[in-house]
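Engineer: Given the coordinates of chain A, assemble chain B onto it according to the supplied hints.
Taken in order, these protein sequences are the chains called A and B. Residue numbering for the first sequence follows this note's numbering, beginning at 1 and increasing consecutively. Residue numbering for the second sequence follows this note's numbering, beginning at 1 and increasing consecutively.
Watch out, some of these pointers could steer you wrong.
Estimated spans, in silico, between C-beta atoms of each pair [unchecked claim]: (1) B:Ser45 with A:Ala232: 37 to 43 angstroms; (2) A:Asp121 with B:Asp9: 24 to 30 angstroms; (3) A:Glu143 with B:Asp9: 45 to 51 angstroms.
Covered stretches of chain A (in silico footprint by chain B; criterion: 3 or more residues with CB under 8 angstroms from a CB of chain B, positions within the stretch not fixed) [stated by the list, open to error]: (4) 27 to 35; (5) 42 to 56; (6) 59 to 68; (7) 143 to 152; (8) 236 to 244.
Since the hints were derived computationally from the structure, they do not count as laboratory data. Computed from a prediction, not measured in an experiment: that's the story for all the values here. Don't be surprised by glycine CBs; every beta carbon is placed ideally from N, CA and C.
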Amino acid sequence: MKPGEEDLVYLYCVTEKAPELKWVEELVNRLHFVYHRDLYAVVSIASYDEFSEENLKRNLSDMGWIKIKVDIHERIIERIMEGACVVPFKFATLFNSEDSLKMNLEEHAEEFKENLRRLGDKEEWGVKVYCDTGRLRNSIVREDGEIFKIDREIDSTSSQGKAFFLKKKKEELMNMVVNKKLNEYGQDIFNRLREEGIEVRINKLLPKEVTERKDEMILNSAFLVGKGRVIAFISIVDILKAQYNTLGLFLDCTGPWPPYNFCQMKPANGGAH
Amino acid sequence: MDKIKTLKDRDIYLDLQRERKVTLLEVLDRVLDKGVVVSGDIVISVADVDLIYLGLKVLVSSVETMEHLRGVPIQGPMQEPT
Chain A
1 MKPGEEDLVY LYCVTEKAPE LKWVEELVNR LHFVYHRDLY AVVSIASYDE FSEENLKRNL
61 SDMGWIKIKV DIHERIIERI MEGACVVPFK FATLFNSEDS LKMNLEEHAE EFKENLRRLG
121 DKEEWGVKVY CDTGRLRNSI VREDGEIFKI DREIDSTSSQ GKAFFLKKKK EELMNMVVNK
181 KLNEYGQDIF NRLREEGIEV RINKLLPKEV TERKDEMILN SAFLVGKGRV IAFISIVDIL
241 KAQYNTLGLF LDCTGPWPPY NFCQMKPANG GAH
Chain B
1 MDKIKTLKDR DIYLDLQRER KVTLLEVLDR VLDKGVVVSG DIVISVADVD LIYLGLKVLV
61 SSVETMEHLR GVPIQGPMQE PT
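Bound conformation, chain A alone (with noise of 0.2 angstroms):
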């Protein structure tokens, strides 16, 4: 084998219980798990030329090729989840050798342990709004009094000026109470879920090329919720659904997650806090 085509050893999770690998080890080459300090860290070994820095580079600019290796990188860890608390690492965490991976364990050992207690009886679950802004309009022209009225003067006026200018009016105002509701609606939503949330997280809000979706994404949130209080959380989810459906909002709770958004490494480590 020629220098610099070795393999790599990609990096899944790391969890305190010897990890149940059957029915995913066959989705990627030579799944197992390396012990040190106490940890299990889940590892597969991948090829240099898919992973290798450059590699991986060209690679990602190829979304059916993130897709793929994304959904295989979610079922293993998802798996894993199925019988232990897991810390999940980000997509492609890559080391040249297990004694790479090993001296990283050992610096991070006592950090790993730390979140995996402090996540042990937890789940994650994320909720994200999206509005369908013109269903939200025809909700405020029947509610909004002022609106209404000056609905009803478009309607009755003959003169196409004053037609024009009171249109004009009517999108300004429109534009404010859609800004005004969509605010309170997404703070009323995210309060009454943080209830039940041990932990939140409001991430970025993503566009709709990313979204695929016609309405627009106007929260995007995670919850750190207690095992026992998963069903609790989910009813909360399904008033809010109802409550807020005749007003254009749609709620999509996915989970349990692995706890992706909720595990704290030290900064100066470069952690995802």
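Structural biologist: Just chain B now, with coordinates in the frame of chain A:
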């Protein structure tokens, strides 16, 4: 999970989950953007993730515009900018 006896059952189960979860959206939002970062020998940088967004012809500014449109940000703990 009790009904899963064979690899095929398992695949059907996972496919259902995948349908629900691993959309392009969740891929970008979690697996690429979040997750623990340690100084591995090769790690995807924030710049790499931004490049993926750009690859999607998504202008990051459109996200900012939306946040601006929505007005005052929702009060709560925010992730550090990524």
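Engineer: Between the beta carbons of serine 45 of chain B and alanine 232 of chain A, is the distance compatible with 37 to 43 angstroms?
Structural biologist: holds, 39 angstroms
Engineer: Check whether three or more residues of the region 143 to 152 of chain A sit with their beta carbon closer than 8 angstroms to a beta carbon of chain B.
Structural biologist: With 0 residues in contact (Cβ-Cβ under 8 angstroms with chain B), the coverage given for the region 143 to 152 of chain A is violated.
Engineer: Holds or violated: the 24 to 30 angstroms window for the beta-carbon distance between aspartate 121 of chain A and aspartate 9 of chain B?
Structural biologist: holds, 28 angstroms
Engineer: Quick check: do three or more residues in the region 42 to 56 of chain A have a beta carbon closer than 8 angstroms to a beta carbon of chain B?
Structural biologist: With 4 residues in contact (Cβ-Cβ under 8 angstroms with chain B), the coverage given for the region 42 to 56 of chain A holds.
Engineer: Using a Cβ cutoff of 8 angstroms, are there at least 3 residues of the region 27 to 35 of chain A near chain B, or does the coverage claim fail?
Structural biologist: Per the Cβ count (0), the hint is violated.
Engineer: How about the region 236 to 244 of chain A: do at least three of its residues have a C-beta closer than 8 angstroms to a C-beta of chain B?
Structural biologist: violated (count 0)
Engineer: Holds or violated: 45 to 51 angstroms for the Cβ distance of glutamate 143 of chain A and aspartate 9 of chain B?
Structural biologist: holds, 50 angstroms
Engineer: For the region 59 to 68 of chain A, do three or more residues have a beta carbon lying closer than 8 angstroms to a beta carbon of chain B?
Structural biologist: holds (count 5)
Against the hints set out earlier in the document, violations occur for numbers 4, 7, 8.
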